[in-house]
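Since the structure of chain L is provided, determine the placement of chain Z on it from the hints.
Protein chains in written order, with the numbering used here: chain L, 1 to 406; chain Z, 1 to 406.
Hint data in this document are derived by calculation from the structure and do not stem from the laboratory.
Keep in mind the model is a prediction, meaning the values are calculated, not measured.
Any given hint could turn out to be false.
It does not matter which identical chain is meant; a pair holds if it fits inside one copy or across any two.
Straight-line alpha carbon distances no greater than 20 Å define the calculated EDC-like cross-link-like pairs of lysine to aspartate or glutamate that follow [stated by the list, open to error]:
(1) Lys-27 - Glu-266
(2) Lys-150 - Glu-223
(3) Lys-374 - Asp-65
(4) Lys-326 - Asp-157
Protein chains: 2
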Amino acid sequence: MKVDYTRFLSGRVSYIEPSPIREMVSKIARKSREAGVISFAAGEPDPDVIPRRVYGELAREVFEDKRSVNYSPTEGVLELREEIAAFMKKYEGVSSTVENIIVTLGGSQALDLAARLMINPGEVVLTENPSYVNTVLDWKQWGAIVVGVKMDENGVDTHELENTVKKLKRDGIVVKLVYTIPTGQNPSGITMSTERRKHLLEVASEHDLLVVEDGAYNYLVYEPVEVRSLKSMDSEGRVIFVGSFSKVLGTGLRVGWLHLPEELAEKFRAAKGPTDMCPPVPSQLLVLQVLRRGLFEEIRNRAVEAYRRKRDLMLRAIEEYMSRLKHTKPIAGMFILLWLPSHIDGWKFSEEALEKYSVAVIPAAPFFTDNSGKSVIRLNFSMVPENDIEEGIKRLTQLIKEKSPS
Amino acid sequence: MKVDYTRFLSGRVSYIEPSPIREMVSKIARKSREAGVISFAAGEPDPDVIPRRVYGELAREVFEDKRSVNYSPTEGVLELREEIAAFMKKYEGVSSTVENIIVTLGGSQALDLAARLMINPGEVVLTENPSYVNTVLDWKQWGAIVVGVKMDENGVDTHELENTVKKLKRDGIVVKLVYTIPTGQNPSGITMSTERRKHLLEVASEHDLLVVEDGAYNYLVYEPVEVRSLKSMDSEGRVIFVGSFSKVLGTGLRVGWLHLPEELAEKFRAAKGPTDMCPPVPSQLLVLQVLRRGLFEEIRNRAVEAYRRKRDLMLRAIEEYMSRLKHTKPIAGMFILLWLPSHIDGWKFSEEALEKYSVAVIPAAPFFTDNSGKSVIRLNFSMVPENDIEEGIKRLTQLIKEKSPS
Numbered sequence: 001m002k003v004d005y006t007r008f009l010s011g012r013v014s015y016i017e018p019s020p021i022r023e024m025v026s027k028i029a030r031k032s033r034e035a036g037v038i039s040f041a042a043g044e045p046d047p048d049v050i051p052r053r054v055y056g057e058l059a060r061e062v063f064e065d066k067r068s069v070n071y072s073p074t075e076g077v078l079e080l081r082e083e084i085a086a087f088m089k090k091y092e093g094v095s096s097t098v099e100n101i102i103v104t105l106g107g108s109q110a111l112d113l114a115a116r117l118m119i120n121p122g123e124v125v126l127t128e129n130p131s132y133v134n135t136v137l138d139w140k141q142w143g144a145i146v147v148g149v150k151m152d153e154n155g156v157d158t159h160e161l162e163n164t165v166k167k168l169k170r171d172g173i174v175v176k177l178v179y180t181i182p183t184g185q186n187p188s189g190i191t192m193s194t195e196r197r198k199h200l201l202e203v204a205s206e207h208d209l210l211v212v213e214d215g216a217y218n219y220l221v222y223e224p225v226e227v228r229s230l231k232s233m234d235s236e237g238r239v240i241f242v243g244s245f246s247k248v249l250g251t252g253l254r255v256g257w258l259h260l261p262e263e264l265a266e267k268f269r270a271a272k273g274p275t276d277m278c279p280p281v282p283s284q285l286l287v288l289q290v291l292r293r294g295l296f297e298e299i300r301n302r303a304v305e306a307y308r309r310k311r312d313l314m315l316r317a318i319e320e321y322m323s324r325l326k327h328t329k330p331i332a333g334m335f336i337l338l339w340l341p342s343h344i345d346g347w348k349f350s351e352e353a354l355e356k357y358s359v360a361v362i363p364a365a366p367f368f369t370d371n372s373g374k375s376v377i378r379l380n381f382s383m384v385p386e387n388d389i390e391e392g393i394k395r396l397t398q399l400i401k402e403k404s405p406s
Numbered sequence: 001m002k003v004d005y006t007r008f009l010s011g012r013v014s015y016i017e018p019s020p021i022r023e024m025v026s027k028i029a030r031k032s033r034e035a036g037v038i039s040f041a042a043g044e045p046d047p048d049v050i051p052r053r054v055y056g057e058l059a060r061e062v063f064e065d066k067r068s069v070n071y072s073p074t075e076g077v078l079e080l081r082e083e084i085a086a087f088m089k090k091y092e093g094v095s096s097t098v099e100n101i102i103v104t105l106g107g108s109q110a111l112d113l114a115a116r117l118m119i120n121p122g123e124v125v126l127t128e129n130p131s132y133v134n135t136v137l138d139w140k141q142w143g144a145i146v147v148g149v150k151m152d153e154n155g156v157d158t159h160e161l162e163n164t165v166k167k168l169k170r171d172g173i174v175v176k177l178v179y180t181i182p183t184g185q186n187p188s189g190i191t192m193s194t195e196r197r198k199h200l201l202e203v204a205s206e207h208d209l210l211v212v213e214d215g216a217y218n219y220l221v222y223e224p225v226e227v228r229s230l231k232s233m234d235s236e237g238r239v240i241f242v243g244s245f246s247k248v249l250g251t252g253l254r255v256g257w258l259h260l261p262e263e264l265a266e267k268f269r270a271a272k273g274p275t276d277m278c279p280p281v282p283s284q285l286l287v288l289q290v291l292r293r294g295l296f297e298e299i300r301n302r303a304v305e306a307y308r309r310k311r312d313l314m315l316r317a318i319e320e321y322m323s324r325l326k327h328t329k330p331i332a333g334m335f336i337l338l339w340l341p342s343h344i345d346g347w348k349f350s351e352e353a354l355e356k357y358s359v360a361v362i363p364a365a366p367f368f369t370d371n372s373g374k375s376v377i378r379l380n381f382s383m384v385p386e387n388d389i390e391e392g393i394k395r396l397t398q399l400i401k402e403k404s405p406s
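Just chain L, same shape as in the assembly:
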């Protein structure tokens, strides 16, 4: 009997939207095999800034440890959790014990796990608009209705956010979760002001919300300003902190963590166990060595210097060639958002940029929770070689001109 698989694809997760960005990235990967492609499409650190030779040496030691090839606890290698607890104190100003820490497969698994335990189908989750497309797609798989709240250069508009919560409440809809990337946000590059952070926590307290703080870009801050994590200002236990070493140490390692109130940590650990057994152990032990030897700070400093230079080059080129176009001016992270003239479609532009000008960019529309991102593109500055930046911006400028009425 021929199988009709439709009947079998009826699991709880019925909403599956393939990531449009992922498809774009595949197309770019194929095209990039040709020489001369300048890519502003990445969402990753520069593999040449990461000391891979040192990793190679450390890996030899890692595999001398018998534990490297066996399971670790699902919550991670104990010593790594201890190091992460100390890291949370040093980098986030958050006191914690190992009981608060669960090591995860990058931030992604942490966010998926949070949804697994906390989102009921049909519930509303508030995010920044735009927000990180993978979290939105993942949480939609769990049945969340994602409502975006507008941002400006100071981050998400927390008054608007409060109004949204109130309005939904009047309609009988209770909001439980807010998802935010307060520092160097993906895709906008925007960093939330301290005032807004405080207000967000007040709103959370007032309306009994939990805040999921995605700190993926927290260690890539380019200006000498104090950026305090929401978690460090959280006196009530309302913030679930999702940490990641990906953007400094490498996304491929897949090492992130959850910092949770102990009550939640116990439940998260129990739920996580059978889903994965444990995070990859060689990666965990490698990161452990990096932290123990104080290499994180060194690698981070190198990354900050390199990406600050690249950011400056990109901003300068944008200001020189596209001075009339609205764009963000990130003090952290890896991205600049660029608003093309409104008659230009970001998707078509991205495809033409790749085909005709060999420049890869990401259309930002999928990051927006409404239709306001149609003419917006996302530019990454961390992975592209310095020397390509001005040339890439020039080519994009040329394409904009071509597509504009003379």
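Below, chain Z alone, put in the same frame as chain L:
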């Protein structure tokens, strides 16, 4: 305002049972720091059989590759998928293309993903009784009602399985999935006969079921018998094959795969993307090197020889000291199930064995889907040093005597 987290823990996944085995394993880990503990509790290969020094050398090369620190596609590094497709031909007699292969975080993520897409709350899934506790716990998180079907030395009783399907059908309950570990099953060590395998596929065809075949132990077969995977006999596309390198190359690496009909693969890939971004890349590239250099076969042969010897020692000791006790005689895998005299509780026995005799075993009760496993314990022979085996069995024999009426 003090947070009441109860309100927030209302996600789709409401059934969360911490793994009792995991807690036992933690207790054993603490106790094992004391000298002299003999552990039959593992579910893993011996880290000294795995060539960790070679891994260390390969890892240096892995980190020379820029890709090692960046994301791979969610379905895995292309070259690794090509190697796995060739591996499926060589080791499983299954022709496939890369389109059938999705690399996963060990078998665990593969099984969780299958449930994510295919299990609707309240649906019945058939498993062997006993079955692998982590899959059962995971699938219960997804709302499955797990119904076990009795096993004998030839594997699951497929006639009983067919009757169960029919009986449920009469009650208006449709079964969609069967979960099986046909070779060297965990916890029983039993390998399903070829006849039963054929019959299981006939039943699947007759009643329109999909079979999830967990091949975790497929590469640890100790007798010169032909053991054919269900997938290799599957002419209708009814088998989802879950593969894993864990039991030969190391569980800590977390590299497994799904072999899926293309129609399903596309959906699984789309669903997986936002949940993890990708499997750990250094682990993927390490396994790629191992496969490319033909090292898998070498490591596997070494493992088979070592574990065969250990199995023989354990079986001999059991037959010498506990000849009246029922136990399985595995031709594959890592486990022997041992039925204690029925007045002995497996949980209490396991605790006393650890406390009083410094021998770690796993109570098998949590693996059983009914109450028939109360006096059963699981013994692992792959990880324990050869010299400890007889002594461990002697100590267990002593404890059984102590607990038995004289």
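Could you place Lys-150 and Glu-223 in one of the four classes (within, between, both, neither) given a Cα distance threshold of 20 Å? neither (24 Å within a copy, 65 Å between copies)
Under a CA distance limit of 20 Å, which applies to Lys-374 and Asp-65: within one copy, between copies, both, or neither? neither (51 Å within a copy, 37 Å between copies)
Copy assignment of Lys-326 with Asp-157, given that the CA separation must stay at most 20 Å: within (19 Å within a copy, 68 Å between copies)
How would you label the pair Lys-27, Glu-266 (within, between, both, or neither) given a Cα cut-off of 20 Å? between (42 Å within a copy, 17 Å between copies)
The structure fails hints 2 and 3 (numbered hints given earlier, in ascending order).
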